[in-house]
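Below are the chains, spelled out letter by letter.
4 protein chains.
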Amino acid sequence: MSFIADLFASVFDRSYRKAISDEAEGHSTIDLCLKLLSSHGEVSGSTLARLVLDRYGAMDNTEKLQFFKFMTQGLEIDAQRVIDTLKTYSQSPSKKSYRAFASACEPRRQELMRRLNQVSGGTGQLVAMRMDLLSLLRDHPLLEPLDVDFQHLFASWFNRGFLVLRPINWSSPAEILEKIIAYEAVHAIDSWDDLRLRVQPADRQCFGFFHPAMQDEPLIFVEVALTKGTPNSVQSLLADGRTAINAEDADTAVFYSISNCQEGLAGISFGNSLIKQVAADLARDLPGLKTFVTLSPIPGLNKWRVATKGAIREDAPKNAIAAHYLLEAKRPDGSPLDPVARFHLGNGAMVHAVHTGADVSANGMKQSNGTMVNYLYDLSQISKNHEQFVSEKTVVASADVRALSASIVSEA
Amino acid sequence: MSFIADLFASVFDRSYRKAISDEAEGHSTIDLCLKLLSSHGEVSGSTLARLVLDRYGAMDNTEKLQFFKFMTQGLEIDAQRVIDTLKTYSQSPSKKSYRAFASACEPRRQELMRRLNQVSGGTGQLVAMRMDLLSLLRDHPLLEPLDVDFQHLFASWFNRGFLVLRPINWSSPAEILEKIIAYEAVHAIDSWDDLRLRVQPADRQCFGFFHPAMQDEPLIFVEVALTKGTPNSVQSLLADGRTAINAEDADTAVFYSISNCQEGLAGISFGNSLIKQVAADLARDLPGLKTFVTLSPIPGLNKWRVATKGAIREDAPKNAIAAHYLLEAKRPDGSPLDPVARFHLGNGAMVHAVHTGADVSANGMKQSNGTMVNYLYDLSQISKNHEQFVSEKTVVASADVRALSASIVSEA
Amino acid sequence: MSFIADLFASVFDRSYRKAISDEAEGHSTIDLCLKLLSSHGEVSGSTLARLVLDRYGAMDNTEKLQFFKFMTQGLEIDAQRVIDTLKTYSQSPSKKSYRAFASACEPRRQELMRRLNQVSGGTGQLVAMRMDLLSLLRDHPLLEPLDVDFQHLFASWFNRGFLVLRPINWSSPAEILEKIIAYEAVHAIDSWDDLRLRVQPADRQCFGFFHPAMQDEPLIFVEVALTKGTPNSVQSLLADGRTAINAEDADTAVFYSISNCQEGLAGISFGNSLIKQVAADLARDLPGLKTFVTLSPIPGLNKWRVATKGAIREDAPKNAIAAHYLLEAKRPDGSPLDPVARFHLGNGAMVHAVHTGADVSANGMKQSNGTMVNYLYDLSQISKNHEQFVSEKTVVASADVRALSASIVSEA
Amino acid sequence: MSFIADLFASVFDRSYRKAISDEAEGHSTIDLCLKLLSSHGEVSGSTLARLVLDRYGAMDNTEKLQFFKFMTQGLEIDAQRVIDTLKTYSQSPSKKSYRAFASACEPRRQELMRRLNQVSGGTGQLVAMRMDLLSLLRDHPLLEPLDVDFQHLFASWFNRGFLVLRPINWSSPAEILEKIIAYEAVHAIDSWDDLRLRVQPADRQCFGFFHPAMQDEPLIFVEVALTKGTPNSVQSLLADGRTAINAEDADTAVFYSISNCQEGLAGISFGNSLIKQVAADLARDLPGLKTFVTLSPIPGLNKWRVATKGAIREDAPKNAIAAHYLLEAKRPDGSPLDPVARFHLGNGAMVHAVHTGADVSANGMKQSNGTMVNYLYDLSQISKNHEQFVSEKTVVASADVRALSASIVSEA
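Those protein sequences? They're chains A, B, C and D, same order as listed. Residue numbers are given in my numbering: position 210 of the first sequence equals residue 210, and the series is strictly consecutive. Residue numbers are given in my numbering: position 184 of the second sequence equals residue 184, and the series is strictly consecutive. Residue numbers are given in my numbering: position 251 of the third sequence equals residue 251, and the series is strictly consecutive. Residue numbers are given in my numbering: position 293 of the fourth sequence equals residue 293, and the series is strictly consecutive.
These aren't lab readings, by the way, just hints derived from the structure by calculation. Wrong hints could be hidden among the right ones.
As the list claims (entries may be wrong) - Straight line, CA to CA, 30 Å or less: simulated DSS-like cross-link-like pairs of lysine-lysine: (1) A:K96 with B:K366; (2) B:K64 with A:K96; (3) A:K318 with A:K393; (4) D:K366 with D:K318; (5) B:K228 with A:K95; (6) D:K64 with C:K96; (7) C:K330 with D:K96; (8) D:K87 with C:K69; (9) B:K330 with B:K318; (10) A:K87 with B:K330; (11) C:K95 with C:K179; (12) D:K95 with C:K393; (13) D:K179 with A:K179; (14) C:K384 with C:K290; (15) B:K318 with B:K366; (16) B:K366 with B:K290; (17) D:K366 with C:K95; (18) C:K64 with D:K96; (19) A:K95 with B:K393; (20) B:K318 with B:K228.
Said to hold, decoys possible - Cβ pair distances, simulated, as ranges: (21) B:A58 with C:P212: 45 to 55 Å; (22) A:I30 with B:K96: 24 to 34 Å; (23) A:K87 with B:S398: 49 to 59 Å; (24) A:K228 with C:A185: 46 to 56 Å; (25) D:P167 with A:K228: 38 to 48 Å; (26) D:N246 with B:P212: 24 to 34 Å; (27) B:Q73 with A:K228: 48 to 58 Å; (28) D:P167 with A:D240: 48 to 58 Å; (29) D:K87 with C:T62: 27 to 37 Å; (30) B:K96 with A:D60: 25 to 35 Å.
Claimed, not checked - Output of the computed footprint for chain B on chain A, the stretches with three or more beta carbons under 8 Å from beta carbons of chain B: (31) 143-150; (32) 155-162.
Treat the numbers as computed from the prediction; the structure is a model and nothing was measured. Note that CB positions come from ideal geometry on N, CA and C, so glycine has one too.
Construct the entire structure; sequences and hints are all you get.
This is the structure we're talking about:
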C-alpha cells in the first residue's frame, strides 16, 4: 500500500485541473457556483466544487456573509413558478408536471450543496460551513431559510441507515481520541492519561456514530461504565485508583456521558439511536448485563430553585427536591423543564433514582448541588413510555422517586 | 471477532422487538407506515421500518401496486397548503415560514423513505423497491410522481461524495465477483474461468463504485485493458491464450466495458465520474500510461442503415459508413443518434478512430457488422469538448475520422 | 491507496538491485548461496536471496537435484568440529562454548534457508522447494537429511502460535476459494456452484489456518455442517436442494471434511489444533451447539476385509463389521489400522456411531461399501482419552459401537 | 463484530480448560513443563502452555532463577547421546540417523519454548521471559546456554520475511503511539503533544517493524524528516514552531532517530533492513527524494577525547576533531570505536558530513559537545562499501570529511 498516495496528484489529474483552474481565473466565486449548477458542472463538477470550497475556506466573515446571502437570495425559489407548476401538476399529474413542480419548490442552493458534496472531504466542509452560518444567523435572520435547507439535506445524508457504530478505545487512532478529549461535554477529560481511564479498563466502553464520508470525525459518542449495581456517584465511577472488574462480571451498563461533536449538525438527532444500539450490542456480547441506566446531571435544578424561591422549604431533603423538580417542573407546553430529562424521557426511559452528593465537581455543585439522577432504559417499556410521554406528557418514574416527589407536595 | 454476530439478536433486542411486533399485530402495513411517520416513529423507528420492509418483501405484485398507490396518493402534497405557506413565506420569510413551505412542498412519502432507510440493509431494499416500481410504472402512469421522489432521494444519497471506488480483482470476495458475471452488459462473461481472464492478469483492471450502505453490491463497474498502442479488436483483447504484459510497460488504458448494476438506480448517473476517477488513479500509479481511450460498440449503426436504406452506397467502406453515422446521424434535438456516442461525447471525449472487424461476436455483427469505435479521453480537452457538445452539439473527432465521414458525403 | 504499488520498483530500489545483480552475473547459484551465507549477506541479503530463488524457480529437475545435493553435502556438518566443540562445552560451559557447539551441530543449510526466507514470498517458495525435494527423495535417499532440516525449520516457523484461524465463506477472496476447490481431499468439489453450497448457506461453515507470510494460501481447512442431531449420510448433508436451517437452531456441529493444502508441509500437523479451535469458537458464538462430531470415511475397511478374507462371515451386518474393524484391527504397534481413526483417536476423540449407506459415492463404496463413522469430540474427556490412547492404545468407543463390534467376535 | 469476543471463554472451552487445570492442581511447574514436552502435550498443549506461562508470570526473581536453572540444566543435552548418534549418522546417513543426531544436539528447552509459543500472546511472553533472563544472567553465568537458545529461536521466528513494515502516524492506535513515547531512545519524546510533532506533519514519517504475533508491539522504529537539503541541527529539525513543507517538495529523507523497543530481542538485528526498506518505500512514493541520509549522534566522541587527552590540540576545530575520531579512532580489531558509526558503516553507509552545534541538548553536549554526523545511504554503493568495511575495515568518507580529518593528522 502506498501510504502517501493522496499527497501527489497525477500528471493526468494536474493537466485536467489546470484546464479548469485556468478557466476559473478572474471569475468570482458566485460565477463558479453558477457554472457548477449549469450542465457544464456535470463534467467538470469535482474540480469546480474543489475550487469553490477552497475559495470559501479562505473567506473572512464578511465574505462568508456575502456568500451566504447569495445562496439565500440569489438561489431562492421563484414563487410564481411554484404556483404555475403546482397548477399544472394538479390538473394533469405526470412525471413531467411533478418534476417541474418539485424542481420549482426546491431552491437551487440545495443542488449547489449536493454538487459541492461530490469532492472528497466535501461533506465535512459543508458541515463546517453550516457551523459558520449558525454563528452568523443570530445577527442575520434573513439567512434562516438557508439553514433550513442545510438541515434538510443533512437529515437525509446523516440518516441512521448510513451511520456506522464503532467502539472507541485505546486501540483507536490518536486522531479520533483527541476529538473525544475535545468534545467531551459532560465530565471534562483533562489529558491523555485521563482519557486512558475512560477507554482502556476492561469495565469501560465508549462508542460513537461515524459517517462514512467523515471517517475520522465522531458525530456523537457515549461513555459506558460496566458495574455491579447502579452507581450513585460519578466521582467514584471515574476515580483514578479504582480497581476495574471483568466485563463479564458486570450486571449493569451505565451511560454516564453522551456528547455531540459537530456543531454544524445541530438539530440532527443521533442520541436516541446511539443509546439503543449500544445497549443492544452490549447485551448481545455480555449476557450478564441486566440493567441499562444513565447517571445523568440535572442541569436546570438550581436555576429553577432560584426562580421559584420560597416555594419549597429550605430544609427539604435534597433528593426529594430533585425528584420533585424532575416530575413537576414543566415548560409552558407541559413537558419537563429539565433538558436532559426531556431527552431521556423522550427516548422512552423512566426516572429511576436520584442521588445526592453524586457529582461534587464545581460544575455539579453549581447546577444541582451535586444531585444526579438515573434514567432507566427498560427496552420492553420504551415504546409505551415514549408514546405516553408524547401524547400525554406523562413522566414515568419509579415508586421511590414518586414518593420522594410527593413528600415535597405534602409539605407545601 | 465473532463471525456470526449478526445471526442472533440479543435477549434485550428480542424483548424490545417483541413489544413493537405485538403492537403491530392486526395493523395494516399502511397503518404501520403512518405510525412510522408519526412522532412515535422517532423511538421505535427501526423496528417499525423493519416490519414494513419485511411485509413489503412478502407482497405479490397486486399488493405492491396497492402499496405504491398509497405512497403516491395517500402521502400526496396538499396543494392548498402549498399555496398558503408560500404566501406566508413570501410575505414574511423566516425559519418558521420557510420550513412550513418546504414541508408543504415535500410529499410525506419522502420522509417515509428516509425512515425506512434507517435499518441495516434498508438502502438496498429501497433500491429494489424502486426496481419493482419501474416495472409497474408502464401500466400505471399514476405512480410517476412516486418515481420522481425515489429518483430525487437516490440522487442525494448516491451523491458522488459518498461513493467509494474499489478495485475488483481476483482477491475480491466471491459474492462481488458473481455480480460482475451477472451484470456485465457489453461483452458477456460466461463462467468463473472467463471472469478470471478479465480480472486476474497483470494487464487487466476492473473498478467499481460502491455505496457504504450497500457494501457488497457494485453500482457500476468498468473493465480496463492495459495495452501497448490502441487496440482495434475486442476479440484480440479478450483472447484466451494471449500473453499478458507487465502493467508498467503499457502506454494505453482501454475502457472496453462499462456496466450499470442496479436497475433501481436508473437515471442516477455514475459513469462519467467513474471513468475520470479511474483514469486519474491509473495515471498516478502507472506513469507510463499516456493514452486513455475506449473500445466501444456502435449499437445503433445497423438499425440506422436499415432506416436510411439507399442513402448510402452499398459498397461504401464499412469504416467510412460508421464514421459518417457517428458524426452525422442525429436525433431531432441535434444530438448524436447513437446512445453510446452521446454518453462519451457528453463526458467530453472525442471520436478517435473506427475499426472494422473489431467485434465479430453475434451481437457485434448484428448491431454494427463488427465495427467499433475508440473514444479518446484527453483530459486537458474534456471540459472544452463537453461545453461545445452541450451548447452547440458539436461532435469533436480526429482528422482521420472526419475525413472518413466526409468521403461518404462526397459520394452522396 | 495505491492498488498496484508493488508492481514497480522505485528508482532507488532498481539502482540497488542493479548493483547486486551485476555482481551476480557469471557467478553460479552455489556461489550466490555461499555469498548469501557470508557476512556480505547481511547487507545485500534480500537481493541475493531473491536472485537465488529466481534462479531456483527456473531450474529443471536435474538442476534441482544438483542444488539439493549441494545443500545436503556441500553444507553438511563437520563431525570433528561437533566432537571438539562438545568437548570444550562439556568441560567449560559458557555462552561462547555453547554457541560454538550449537553452531557446529547445525548444518549451514539451515542458515541458508533462513536467509532465503527474508524476501517477500520466500516462505511460500521454500515450502514449494520442499515439495520438489519430497518428489526427488524417493529416488535419492541421500537427500534425506536435507528434508529433516526443512521439516525442523517449518515446525518452528509454522508453530501454532503464528497461525491465524480465518473463516472461509462466500465473502472470501476468489483466490482463496479456488484453492478450497483444488485442495478438498475428502468429498470433491466440482465447480464454483458446488463450492457455494459448502460455504454460503447459513448452516455451513468453513475455517482454515493461515500463516501471516502466506496470506492467500490456506494450510489446512475444515468444513462444518450445523445440524439438528447427528447426521448419518454425507450425501444428505451435501444434497443440492436441501433447506438450510438457521445457525442458532442447530445443536450439532459436524466436521465432515478436513484437508491439508500444502504438500511441502507434510509432517507438520495442524489438524488437531484446528478442530479444537473451531469447536471452541463455534461454541462461543452459537450457544445452542451441544455436540461436536465428525462424519468420517473409513478408508481402510475394504482393504482390510480383502486381507482378512474369511475371518468374518460374509453375511455379518455391515455396521458390525465396520465397528469391529475400527476397534479390533491393529497395526503391529497396537494402534488402529485405520489412518483416519488414528488421527481422531490420537486427538482424544471417541468412536461414537457407525452408519451404513452413509457415503454412496464411487469412492465411498470402494473404500468401505458406503459405511461411515462419527468420532465424538467431548472436550471434557479429550485429554483423558488421548492419554489412554497414547499410553495403552485404548480405543474409547460408545456402548453401542462396542456392542456391535462384540457381536462379530461372538460369532467367530 | 463482537468487540469483546475474547473476554469470555465459551462453556465448551471452559469445561475443557477445567479438565486440564484440575489435572494440574498439585503439580509443580516443572512437572507441567515435562508433561508439555511429552506426547500428551500434543493434545492438551495450549492449555498446559497457558498454565505454565501464567505460573511463570506470578513468579518472583528467586523462582524465576530456579525455573531458568531447570531449563538450562534439567533440559540439557546428553553429551554421550550426541557422540553416539553422530557416530551412527556418520557411518550410515539416513533420515532416521540424522534425525536422531539433530534431536540429540538440540536441548529439550528449545522444544519447550516452541510449545509455550503455541498460545495466543505466547511469543510476547517469551520475549519478556528472555528480558528477565538477561537481567539474571550477569550474576548467574551458568544460564548462558539458555540465552543462546533463546537467541537462536528468536532469530528464526523474527526472520525478516515474517516482519511487517507499518507506518506509524497520528492515525495509529494510541496503544502503539504510547510505546513510541516510551521507547524513543535518541531524542526523548516528552508528551503526546511532542509526539504529535514527530508523526503528524506532512514532512514527518515514522515506520516500525512489527511481528504478526505481537501486533501492538513495535520491534524497532525509525523517525524520518523530509527536508530540502541536508540538515545540520536536530533542534532546528524538531523545532516546535517550524513550518512543515509538502512531502512532495522534499529532496532529502533524514533518518534522525532509530530505536529498538524490545530488550528481550537483544542481539537480533533489524535496523539494517528497516532503513533500506523505508528508503525504498519512500523513494517509490516520493519520486522527488534524491538523498537518503542520517543525522546521527557521535556518542563516543567526548569519552575518547578524555581517554586520549593531549593527543589533539585543544584548539583544533570541533568538526575536524569529530571527523578525525570517526575515521581514525579504532577498536583493537580495527573497526571504528564509535558504536553508531559501526552500525551505519556496517550497513554500507558512508561518512558524509559533520556539523558542530547540531545537538545542543544536555545529552548532545555531554557526549560530543553538540557535534553530529550525517551518514549517507547511496544505494548503488552500499553493497561495495559494506564489503570493503567487512573485509578491510575501510571507512568510506566524503572528500570533505577526509580533508577535515587529515587536517588534524597534519597538525599532530
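Each hint, compared with the structure:
A distance of roughly 35 Å separates the Cα atoms of K96 of chain A and K366 of chain B; the hinted pair therefore is violated under the 30 Å criterion. With a C-alpha separation of about 23 Å, the suggested pairing of K64 of chain B with K96 of chain A holds against the 30 Å cut-off. Our distance criterion of 30 Å between C-alpha atoms is met by K318 of chain A and K393 of chain A, whose separation comes to about 25 Å. Among the hinted pairs, K366 of chain D with K318 of chain D is consistent with the structure: their alpha-carbon atoms are about 14 Å apart, no more than 30 Å.
Restraint check: the Cα-Cα separation between K228 of chain B and K95 of chain A comes to about 48 Å, which exceeds 30 Å; the hinted pair is violated. Taking the CA atoms of K64 of chain D and K96 of chain C, the gap is near 23 Å; set against the 30 Å cutoff, the hint holds. For the proposed pair K330 of chain C and K96 of chain D, the alpha carbon gap of about 24 Å is at most 30 Å, so the pair holds. The straight-line distance between the Cα atoms of K87 of chain D and K69 of chain C is roughly 22 Å, inside the 30 Å bound, and the hint therefore holds.
With a CA separation close to 19 Å, the supplied pair K330 of chain B and K318 of chain B stays within the 30 Å bound. About 35 Å separates the Cα atoms of K87 of chain A and K330 of chain B, which puts this hinted pair outside 30 Å; it is violated. In summary, the hint linking K95 of chain C to K179 of chain C is not supported, as the alpha carbons are separated by about 47 Å, beyond the 30 Å threshold. Distance hint between K95 of chain D and K393 of chain C is fulfilled; the C-alpha atoms sit about 26 Å from each other, no more than 30 Å.
The hinted pair formed by K179 of chain D and K179 of chain A meets the criterion: a straight-line CA distance of about 21 Å does not exceed 30 Å. Of the supplied pair hints, the one linking K384 of chain C and K290 of chain C holds, its CA atoms being roughly 20 Å apart against a limit of 30 Å. Taking the CA atoms of K318 of chain B and K366 of chain B, the gap is near 14 Å; set against the 30 Å cutoff, the hint holds. Simply put, K366 of chain B and K290 of chain B have alpha-carbon atoms about 33 Å apart, too far for the 30 Å limit, and the pair is violated.
Proximity of K366 of chain D to K95 of chain C is assessed by CA-CA distance (about 34 Å); at most 30 Å being required, the pair is judged violated. Distance hint between K64 of chain C and K96 of chain D is fulfilled; the C-alpha atoms sit about 23 Å from each other, no more than 30 Å. Taken as a hint, the K95 of chain A and K393 of chain B pair is honoured in the structure, with Cα atoms around 26 Å apart against an allowance of 30 Å. For the hint pairing K318 of chain B with K228 of chain B, the CA-to-CA distance comes to about 25 Å; that is within 30 Å, so the pair holds.
Separation of A58 of chain B from P212 of chain C is about 46 Å and conforms to the stated range, judged on CB atoms against 45 to 55 Å. Distance hint check: the CB atoms of I30 of chain A and K96 of chain B are about 28 Å apart, consistent with the given range 24 to 34 Å. Taken as a hint, the range 49 to 59 Å holds for the pair K87 of chain A and S398 of chain B, whose Cβ atoms sit roughly 50 Å apart. Distance hint check: the CB atoms of K228 of chain A and A185 of chain C are about 51 Å apart, consistent with the given range 46 to 56 Å.
Against the hinted window of 38 to 48 Å, the Cβ-Cβ separation of P167 of chain D and K228 of chain A comes to about 42 Å, which satisfies the hint. The hinted window of 24 to 34 Å between N246 of chain D and P212 of chain B holds, with their beta carbons roughly 30 Å apart. For the pair Q73 of chain B and K228 of chain A, the supplied restraint of 48 to 58 Å holds, since their beta-carbon distance comes to about 57 Å. A beta carbon spacing of about 34 Å between P167 of chain D and D240 of chain A contradicts the range 48 to 58 Å that was offered as a hint.
Restraint check, K87 of chain D to T62 of chain C: a C-beta distance of roughly 34 Å satisfies the suggested window 27 to 37 Å. The beta-carbon spacing between K96 of chain B and D60 of chain A, approximately 30 Å, falls within the hinted interval of 25 to 35 Å. With 5 residues having a Cβ less than 8 Å from any Cβ of chain B, the stretch 143-150 of chain A passes the three-residue criterion, so the hint holds. Only residues whose C-beta sits within less than 8 Å of a C-beta in chain B count toward coverage, and the stretch 155-162 of chain A has 7 of them, enough to reach three; the restraint holds.
Of the numbered hints stated above, those contradicted by the structure are hints 1, 5, 10, 11, 16, 17, 28, listed in ascending order.
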